[in-house]
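Could you put together the complete structure from these sequences and hints?
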Amino acid sequence: GLCTIAGLVIIRFVREDVQPKPEHPEPHRILGNYRYAIGSKPIRVALIVIMLSQSAVFMIQPIFALYVEQLVSNTEYIATMAGAIFSVAGVFTVLAAPWWGKRNDAKSYKKNLTIALSGAALAYSAQGLVTNAYQLIIFRAILGFCLGGMLPALYSYISKNTPLERRGSIMGIASSGNILANMIGPPTGGYIASHLGVRELFFVTGGLLLASVIFLRNMFVDMRGSKTAKEKELAEAQTTSESVTE
Numbered sequence: 001g002l003c004t005i006a007g008l009v010i011i012r013f014v015r016e017d018v019q020p021k022p023e024h025p026e027p028h029r030i031l032g033n034y035r036y037a038i039g040s041k042p043i044r045v046a047l048i049v050i051m052l053s054q055s056a057v058f059m060i061q062p063i064f065a066l067y068v069e070q071l072v073s074n075t076e077y078i079a080t081m082a083g084a085i086f087s088v089a090g091v092f093t094v095l096a097a098p099w100w101g102k103r104n105d106a107k108s109y110k111k112n113l114t115i116a117l118s119g120a121a122l123a124y125s126a127q128g129l130v131t132n133a134y135q136l137i138i139f140r141a142i143l144g145f146c147l148g149g150m151l152p153a154l155y156s157y158i159s160k161n162t163p164l165e166r167r168g169s170i171m172g173i174a175s176s177g178n179i180l181a182n183m184i185g186p187p188t189g190g191y192i193a194s195h196l197g198v199r200e201l202f203f204v205t206g207g208l209l210l211a212s213v214i215f216l217r218n219m220f221v222d223m224r225g226s227k228t229a230k231e232k233e234l235a236e237a238q239t240t241s242e243s244v245t246e
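For the sequence shown, our numbering assigns the number 1 to the initial residue and increments by one for each residue that follows.
To be clear, the hints were calculated from the coordinates, so they are not data collected in a lab.
One should not assume that every hint holds.
[What the hints assert, rightly or not] The list that follows gives simulated cross-link-like pairs (lysine-lysine, DSSO-like), each with its CA atoms no further than 30 Å apart:
no. : residue 1 : residue 2
1   : Lys160    : Lys107
2   : Lys41     : Lys102
3   : Lys102    : Lys160
So this is what it looks like as structure tokens:
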């Protein structure tokens, strides 16, 4: 029912600017789009960061209710309490995402992603040290604030580094990478928790996010001082036009 309402809202209120298509557009095949994504260093690096970070984020899901159960004495409403505490991160993600988006428009993607990933790593590690549910809520809120600066920024970065005619396909590949990470994360988290412990999983998650930061700092191609794919296209077209005029 909720999905139906969302679809009706999109039909009624979303307006899309229709771009004129070339008379004979060259079709891009699926394998060609994958080759393009892998061959482009900015897109390739962003996809790897999405896989690492989202796998880490979803590793906590299967054990979160068990962890909350360890922290509270009244287990009668443990499912409700776990859901409420878990959703705190989502609330702060929604609130923080526009602020992070504004920063990305004005500042360095690399710097903002470094801050967001590092903050998420510390917040996850801190959750493994809490002794009661109230402390957990605080660190979940900090985590949500940092999560707002991760996935939306990576999607935006990929979009800006992709030509318009390939943008839908490459964004689909990025979404597939996110979904694959969502599939890998929970079973991996459950396996680690069963062998190392529930608290230890939070430290493993924090370590994986820190590994994402190290990879980002060494491999990420920043947007500051560089042109987007569309800007490069326009610059090349202008140069060609000037040459023809001459």
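Against the structure, the hints come out as follows:
1. Lys160 with Lys107: Distance of about 15 Å is within 30 Å: holds.
2. Lys41 with Lys102: 25 Å, holds
3. Lys102 with Lys160: 15 Å, holds
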